[in-house]
Amino acid sequence: MGLLALATGLAAATTPTAESLAAPLAYKDSTTLKLTYSPPWSTADLNRAVTTHDGFGLSVNWIETSSGSSGDGSSDEGGGGHPHHGGSTSPAASGGAHSVHGMGNADQAELWSFVTYTRLLQRWNGSSSQANIWLDLGAGTVSSLVGTNPNLQEAALSAAVQIDAETQRLYGAISARTLQSSSASRNQASIKTGVALTAANYERIQPWIMVEVRGMQGTTMDVEVIPTLRLLHRRYVLELGASLHGHPHASLRYTF
Amino acid sequence: MNVFMALRPFLLSSLLALLTLGGPATAAGTSWLLKINGMVCAFCAQGIQKKLTAIPGISDISVDMATRTIRLRTGEGFRGNTETIRQAIKEAGYVLQSIEPTPAR
Numbered sequence: 001m002g003l004l005a006l007a008t009g010l011a012a013a014t015t016p017t018a019e020s021l022a023a024p025l026a027y028k029d030s031t032t033l034k035l036t037y038s039p040p041w042s043t044a045d046l047n048r049a050v051t052t053h054d055g056f057g058l059s060v061n062w063i064e065t066s067s068g069s070s071g072d073g074s075s076d077e078g079g080g081g082h083p084h085h086g087g088s089t090s091p092a093a094s095g096g097a098h099s100v101h102g103m104g105n106a107d108q109a110e111l112w113s114f115v116t117y118t119r120l121l122q123r124w125n126g127s128s129s130q131a132n133i134w135l136d137l138g139a140g141t142v143s144s145l146v147g148t149n150p151n152l153q154e155a156a157l158s159a160a161v162q163i164d165a166e167t168q169r170l171y172g173a174i175s176a177r178t179l180q181s182s183s184a185s186r187n188q189a190s191i192k193t194g195v196a197l198t199a200a201n202y203e204r205i206q207p208w209i210m211v212e213v214r215g216m217q218g219t220t221m222d223v224e225v226i227p228t229l230r231l232l233h234r235r236y237v238l239e240l241g242a243s244l245h246g247h248p249h250a251s252l253r254y255t256f
Numbered sequence: 257m258n259v260f261m262a263l264r265p266f267l268l269s270s271l272l273a274l275l276t277l278g279g280p281a282t283a284a285g286t287s288w289l290l291k292i293n294g295m296v297c298a299f300c301a302q303g304i305q306k307k308l309t310a311i312p313g314i315s316d317i318s319v320d321m322a323t324r325t326i327r328l329r330t331g332e333g334f335r336g337n338t339e340t341i342r343q344a345i346k347e348a349g350y351v352l353q354s355i356e357p358t359p360a361r
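Chains as they are written, first to last, in the working numbering: chain A, 1 to 256; chain B, 257 to 361.
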C-alpha cells in the first residue's frame, strides 16, 4: 500500500522529483533519480544538475502519521503509544480513523511535493577522499491523501542540509531536513555510516554494509535504526534492508 | 655541437610538449595517465568517464579505482589541450591532480 501510494503520489506530480539528500547531485548536465521506500518516510526525487554545484528538480515525500499516537509498532491504534514529539499536524483528532495497511498504527498519510533547488556549498576532493556540504531548499504543497483530513491542501516549504565524507572503504553522513506548512511540521535528522566489504572496482559491484539512525518528528516512528546492504555500481546505487522495527527499506539511485 | 648535445634532452622534451597536450595541438594516438582527486567510487568515476567521452578525439578510456587513475587516448580528432581535460573533470565535480603521457597498452 505504501509503495502504491508513493507511486500514486509520483503520478500526481507533474514531473519527476528532485533529489534531496543522500547524494544530491551528480555531474553537470546529468539527471539523477532517487527512489527510497522506507516507511514511515518515503521519498522520490529527480534532480537536474545545471552546473557542478547547482541543481533543480522535484521532490515527493510520502509520510505516514498517526492522529493520536506515535507507535513503535507494538501499541494498538489509538492506544497507549507515546505522543508525538514535535509534529503538529494531524488536524482533526483521532477518533475512528482507519488504519492504513502496512503502516503500523499510522492512520494518516501525507504527500509533500516540492520544486527544489540543490546547492553543493562546498566540496573537498582529497587524493583518496571526498567531503561535501549540501543545501536543499524546496517550495510546494502538502496534501493529505489518506486519513482524517482528506481535504488538507496547503503551501509548504522544505529545507535540508547534509554533510558527508567518504573514502573507498568508509562512508559517513549527517543530515537534517524539515518540512513545514501552516498546520504541519515534519522533521528528520539522520546519521549514516558504512564500510565497504571489498575494494572499489569499476567493473564490478562493490558491496557495503550501511547503518542509518534517523529521528523523525511528526511521523509514526520517532527513531529508527536501519541496517542495509548497499550495492554500488558505476551506474546505480541500490540499498536493501529493514529497520530494527521490521520496516522494509529499499533505495535506488540512478544517474543518466 | 656540444651545446646542441647538452640541450638535446631539453629540445626533445620541448618538442614533445608542443606536440602533445600542453601545446596548441595534440599528438595523434597519444596515451595519457590522469590522476584524479576525489574519485573514490565507481559512481564518481562514471561521471568523469562520461564527461571525457563527450570530448571529440578521446577514446580508450579505462578507469583504475585502485590507483584512482584514468587512462585515455587522444586521437587526431582531439583539438583540445590539458585545460580541456581539466575542465571536463571539473564539470564532473573532481580535480585533475596530474596528467602524464604514458605508454599505450
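The hints are simulated quantities; they were obtained by calculation from the structure and are not laboratory data. Computed from a prediction, not measured in an experiment: that's the story for all the values here. Be aware that one or more of the hints could be misleading.
[To be verified] In silico DSSO-like cross-links for lysine-lysine, where the CA-CA straight-line distance does not exceed 27 Å: (1) 346/B to 291/B; (2) 306/B to 28/A; (3) 192/A to 28/A; (4) 306/B to 291/B; (5) 306/B to 346/B; (6) 28/A to 346/B; (7) 28/A to 291/B.
Verification of the hints:
1. 346/B to 291/B: 13 Å, holds
2. 306/B to 28/A: Measuring from Cα to Cα gives roughly 11 Å; hence the hint holds.
3. 192/A to 28/A: 26 Å, holds
4. 306/B to 291/B: With a Cα-Cα distance of about 16 Å, the restraint between residue 306/B and residue 291/B holds, given a limit of 27 Å.
5. 306/B to 346/B: 12 Å, holds
6. 28/A to 346/B: Satisfied, since the Cα-Cα distance of roughly 9 Å is no more than 27 Å.
7. 28/A to 291/B: 20 Å, holds
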